[in-house]
Amino acid sequence: MADREREDARQLELLDWRLGEPWSGRVRYAAAVYFYQRGMISEEFLEVYRTCSVIDHEDARSVLASIGLIREYEGLKTRIGGKAEART
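The opening residue of the sequence shown carries number 4 in my numbering; numbering runs sequentially from there.
FYI, nobody ran anything at the bench for these hints, they're computed from the structure. Where is the CB? At the ideal position from N, CA and C, for every residue including glycine.
In silico DMTMM-like links for lysine to aspartate or glutamate, alpha-carbon gap of 25 Å or less: (1) Lys80 / Glu16; (2) Lys80 / Asp19; (3) Lys80 / Asp62; (4) Lys80 / Glu50; (5) Lys80 / Asp59; (6) Lys80 / Glu47; (7) Lys80 / Glu8; (8) Lys80 / Glu24.
Between beta-carbon pairs, the in silico distance windows are: (9) His60 / Ala5: 33 to 41 Å; (10) Val57 / Ala5: 33 to 41 Å; (11) Ile70 / Gly42: 19 to 27 Å.
Throw the hints in and build the complete structure from the sequences for me.
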């Protein structure tokens with residue numbers, strides 16, 4: 004696996020970081036910024052993560068689903084080689 008692919012996989016894990024842990028919203032937002040800077044997500048997708056970043060228990064994926072952007076998330080997971088799974 005190339006360095007870029009490893010970093011993408013690492014950032015994807017951070018994008019899905021555990022809800023409710025201190026600073027976890029900011030961790031997820033930082034990962035979203037990474038993908039935005041790589042041109043892999045839209046500005047609207049990034050804005051959802053920015054908005055949710057101050058509330059550590061806020062699930063950005065639920066917000067993405069409610070505004071019709073969940074397919075963008077699923078596409079990101081697929082491109083990086085993971086599956087779009089429900090958070091447990």
